[in-house]
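Using the hints, position chains B, C and D against chain A.
Chains as they are written, first to last, in our numbering: chain A, 1 to 288; chain B, 1 to 288; chain C, 1 to 288; chain D, 1 to 288.
I should point out that these hints are in silico values taken from the structure, not numbers from a laboratory. Note that this is a predicted model, so its numbers are computed, not measured. One or more of the hints may lead you astray.
No copy labels: a pair is met if it fits in one copy or bridges any two.
[Stated by the list, open to error] Capping the alpha-carbon separation at 25 Å, the derived lysine to any residue pairs in SDA-like fashion look like this:
1) Lys-234 - Ala-254
2) Lys-234 - Thr-122
3) Lys-234 - Ala-124
4) Lys-234 - Pro-123
5) Lys-234 - Ala-118
6) Lys-234 - Pro-78
7) Lys-234 - Arg-51
8) Lys-234 - Asn-191
9) Lys-234 - Ser-20
10) Lys-234 - Gly-15
11) Lys-234 - Val-56
12) Lys-234 - Leu-7
13) Lys-234 - Ala-80
14) Lys-234 - Ala-81
15) Lys-234 - Pro-157
16) Lys-234 - Asp-9
17) Lys-234 - His-79
18) Lys-234 - Thr-127
19) Lys-234 - Leu-275
20) Lys-234 - Gln-82
One letter stands for each residue in the lines below.
Number of protein chains: 4
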Amino acid sequence: MAPTDDLPDNWGRWGEDDESGTLNLITDAVRARAASEVRTGRAVSLAMPVRPAPIVMGPFAPDTREVSPVQQLMALTPHAAQASADVMLVENHAVWTHLDALSHQALDGLVYPGRPFADSVTPAGVTHGSTTAFAAGVITRGVLLDLAADGPLPGGPVTGGDLDAAEERQGVTLEPGDALVLRGGRTLTENPPVPGVSVDGVRWMHRRGVSLYTGDIEDARPPLNPGVPAPLHKIALVRLGMPLIDAANVEELAAVCAELSRYSFLLAIAPPRILGMTGIPVNPLAIF
Amino acid sequence: MAPTDDLPDNWGRWGEDDESGTLNLITDAVRARAASEVRTGRAVSLAMPVRPAPIVMGPFAPDTREVSPVQQLMALTPHAAQASADVMLVENHAVWTHLDALSHQALDGLVYPGRPFADSVTPAGVTHGSTTAFAAGVITRGVLLDLAADGPLPGGPVTGGDLDAAEERQGVTLEPGDALVLRGGRTLTENPPVPGVSVDGVRWMHRRGVSLYTGDIEDARPPLNPGVPAPLHKIALVRLGMPLIDAANVEELAAVCAELSRYSFLLAIAPPRILGMTGIPVNPLAIF
Amino acid sequence: MAPTDDLPDNWGRWGEDDESGTLNLITDAVRARAASEVRTGRAVSLAMPVRPAPIVMGPFAPDTREVSPVQQLMALTPHAAQASADVMLVENHAVWTHLDALSHQALDGLVYPGRPFADSVTPAGVTHGSTTAFAAGVITRGVLLDLAADGPLPGGPVTGGDLDAAEERQGVTLEPGDALVLRGGRTLTENPPVPGVSVDGVRWMHRRGVSLYTGDIEDARPPLNPGVPAPLHKIALVRLGMPLIDAANVEELAAVCAELSRYSFLLAIAPPRILGMTGIPVNPLAIF
Amino acid sequence: MAPTDDLPDNWGRWGEDDESGTLNLITDAVRARAASEVRTGRAVSLAMPVRPAPIVMGPFAPDTREVSPVQQLMALTPHAAQASADVMLVENHAVWTHLDALSHQALDGLVYPGRPFADSVTPAGVTHGSTTAFAAGVITRGVLLDLAADGPLPGGPVTGGDLDAAEERQGVTLEPGDALVLRGGRTLTENPPVPGVSVDGVRWMHRRGVSLYTGDIEDARPPLNPGVPAPLHKIALVRLGMPLIDAANVEELAAVCAELSRYSFLLAIAPPRILGMTGIPVNPLAIF
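Bound conformation, chain A alone (with noise of 0.2 Å):
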């Protein structure tokens, strides 16, 4: 079942029916490491903050709008009620700080562990390796490597090498159950080129048992090899199982980081407890 290339994968590592991916990877010592880092409870937000669209009806609304992933309907509600309320409308996957669900992305036809995309994801929601896996939180110990210490990234990948000389610069090491948590110093929607994991950066996260990944790099644009599925999305997720929070908002993060001259942290990440969704939006907390 499992892939024949040399590109890593954890099929089969945890059971042919696993929905948890490397989250498996947080042990009972992992949560202990990661309750050691709280010290004060100051709390820093990894998440863009997002204003919705209203939708507004009458004769003068503007021609254009600012798109959001988030459009917001204010209900009537009785006038005797005094309450006010409102629906919604989220699109999980727009460019906001959400967490993927395993089975967002596919590769040859196959979702983690190796089970037919098709019958994972159906009209009716996701069978196998939705939001169902985080829908009651993950806690873990959260390290943030900060590549854009002296300056924004240029485009390009991001090696193993990279990652190992930002441990040694910031004195930070990575253990097995961690949280990376990478900082470019590049929004997502800037024009290309636009840095990227790479493989290496990938074989690096599986060699040294990363649980979770998130940061303001993603995959690289242009693509680093187009002859090589995308390494974060198509790698990481679908391959090892590593669930991905995209586009996060890393600029606190790391200014809190450097004030404190401390790169690890409890990492709370919390979503709405909704299942069988592809991917859901989220509002980690580093709490120190």
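This is chains B, C and D only, laid out in the frame that chain A set:
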């Protein structure tokens, strides 16, 4: 500007424009106390799991379907991309675990701290007292008072005396800035009578400096006193500016607290970072 | 129950519970007159074409997009089915061609024919004066009065005298039960001043027995008389119970009428048969 | 490009880029014939009435609700405006009266008239064979063939012979360009067997020049011949390019035809003028 009756309020306490209400009570010392609760990193979700209702088209759909606060529509994605995505329609104030923004309710036409409801809640969104106040997350110490340790509560009022007794029984003391979590062992949709926090209970919270309220006890059905505004949704939320997490799921929390003989924990609240809403789904995590 | 000022109204004319308003004027004789207009089957649409705004997720969506009253989401369908489907989110009262239900507007807290607005329009839908009245379609004779044959109208009032003059110029006479279609040659979203039907014009419609109003002229901007309710949306709709089709597109109609030297036709109005709405998109067809 | 088996098709008949299919058969002579049917202006709707499912938030909503193709959300409107508005979420291809666009279905990866499905139906909308072709309305002569005059049809095929017999019994003859309306006296959601048009019936339509098909008979359940594509949704729609109105309501039409002893009428089809959809709700009117 502040009401002149003898019900408690915080209008003006933190300024005329304040949008944080009792979250102002969460000081560095409170957060440090919360931090000191973290030892193992074990986490418990206080959210009800929600299964979305799929929007599926076709001739043989069932005549009825479960009502869910979330509807999911699987989006067509390009075949070559081998990716899946979905859109969700979310009813923030349905019966599921969500955080009420301060302007979700008004009393006598005013929202906290005494501003006109009609100016704060508009067809284009909430301009004052919205989820913007919570968007970066809330970290504080949480304390569970389990009123149902000996069995589900009957209907009727939960008073300050009940809370004092629970503290004594459990050997825990709520400190200013803590979040209060109550358990009555009942579900909100049970047949009445369903118990509710009384005005006396809200006075207790005010006196003790509760920063945020949650649990499985809300305003009673039938109302405890039809001549008095709803204690939680009108007095605590509107007059005290105390955020409420409705419809929490505290069964697992109570079991873990009993197992550990500890009723306090770090409470991490991290709703999606969406601004300007009347409420937002949330997955509160109690971290031990 | 009926108002006591000197503005016209039909409250009570067809009973206290009436939901059809001036559609009651469409008798068998009116329909037969409409039928007699049909000779060739040539049809002209009076609807503005609407291009939906697609809901597409992905990293490189544009920063802004056209605002549309309709958003379209392509649904995932099973691969084997080789079928496509979509869901649309429709804003009924945006600036496009739609039919206003009678309870879309209220005046002094009342809707046609004198019922409380708050009882008729509820959070769960419209209980009185909704699209239910139009759901089986409306067939009557339509008459175009082209006030812009010599160029677009300036801002300001359209009076009964203007309508008399147009009838005489065109050699057509509006009969009781006919639908009136006005053309001013302006678009609703142009910069003010934009012309509007005056109270005098509405009195003319009342006197002549107009059953339904449409065209490219609505209530003026700026208002003709700020001290008087909007002639079409408050006096015609609420007091006369006259359905309005907002934002019609009458350019092609005017060209065909001029070509044929005929300003009357069968008007077929067939909105989707959806009950209980405040308004509904419609594609009125003028059939010659 | 055209298929080489012996099933009928119109691929190439009106060009490689045609989007109108059999609507091309509606000539001026056809419309004049339709016009000659109009005598009294009496109109009958062929649409099922739909009651929307309200989206209402609050603690005591029912556990289940009726499934509806339309969900309605009443929008907050400014109190001073005394106006109401709503938004509707519409599932075009649910079981209600809607018009299928030509690219709603594909066969062997191709849509009418032989173009790749994946190029025509994209995540951003339909680029070929969409509702754009119907947006200005369709006017033609309609002919009802009532196969259930003596009682509901059993399951099984509707053949060309059945249609010939109905014409003779009713004294009506379908002419090229007419729309065919069939009545079987069954509802689509009944337990199987439910009757369906056979390939032979579709050949009859092709031979006779039917421009559009509707009625209460669709493709049979169970399928008449699992080895052959669905006669209406794959052969008529995809190969002939014949638009289908699914789930019509022909009970009142049949009663009126019997009362008048006339089985032909002007058929006015006027869906909302929304471009680029896979299908669209419609309220077809038979005008006598």
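Here is what the structure says about each hint:
no.: 1; hint: Lys-234 - Ala-254; verdict: neither (27 Å within a copy, 41 Å between copies)
no.: 2; hint: Lys-234 - Thr-122; verdict: both (20 Å within a copy, 22 Å between copies)
no.: 3; hint: Lys-234 - Ala-124; verdict: both (24 Å within a copy, 24 Å between copies)
no.: 4; hint: Lys-234 - Pro-123; verdict: both (22 Å within a copy, 21 Å between copies)
no.: 5; hint: Lys-234 - Ala-118; verdict: both (16 Å within a copy, 23 Å between copies)
no.: 6; hint: Lys-234 - Pro-78; verdict: between (49 Å within a copy, 16 Å between copies)
no.: 7; hint: Lys-234 - Arg-51; verdict: neither (30 Å within a copy, 27 Å between copies)
no.: 8; hint: Lys-234 - Asn-191; verdict: within (23 Å within a copy, 45 Å between copies)
no.: 9; hint: Lys-234 - Ser-20; verdict: within (16 Å within a copy, 41 Å between copies)
no.: 10; hint: Lys-234 - Gly-15; verdict: within (20 Å within a copy, 42 Å between copies)
no.: 11; hint: Lys-234 - Val-56; verdict: between (39 Å within a copy, 21 Å between copies)
no.: 12; hint: Lys-234 - Leu-7; verdict: within (11 Å within a copy, 43 Å between copies)
no.: 13; hint: Lys-234 - Ala-80; verdict: between (53 Å within a copy, 13 Å between copies)
no.: 14; hint: Lys-234 - Ala-81; verdict: between (50 Å within a copy, 10 Å between copies)
no.: 15; hint: Lys-234 - Pro-157; verdict: within (16 Å within a copy, 49 Å between copies)
no.: 16; hint: Lys-234 - Asp-9; verdict: within (11 Å within a copy, 42 Å between copies)
no.: 17; hint: Lys-234 - His-79; verdict: between (51 Å within a copy, 15 Å between copies)
no.: 18; hint: Lys-234 - Thr-127; verdict: within (19 Å within a copy, 29 Å between copies)
no.: 19; hint: Lys-234 - Leu-275; verdict: within (23 Å within a copy, 32 Å between copies)
no.: 20; hint: Lys-234 - Gln-82; verdict: between (50 Å within a copy, 10 Å between copies)
Going down the numbered hints, you'll see the structure goes against 1, 7, while the others check out.
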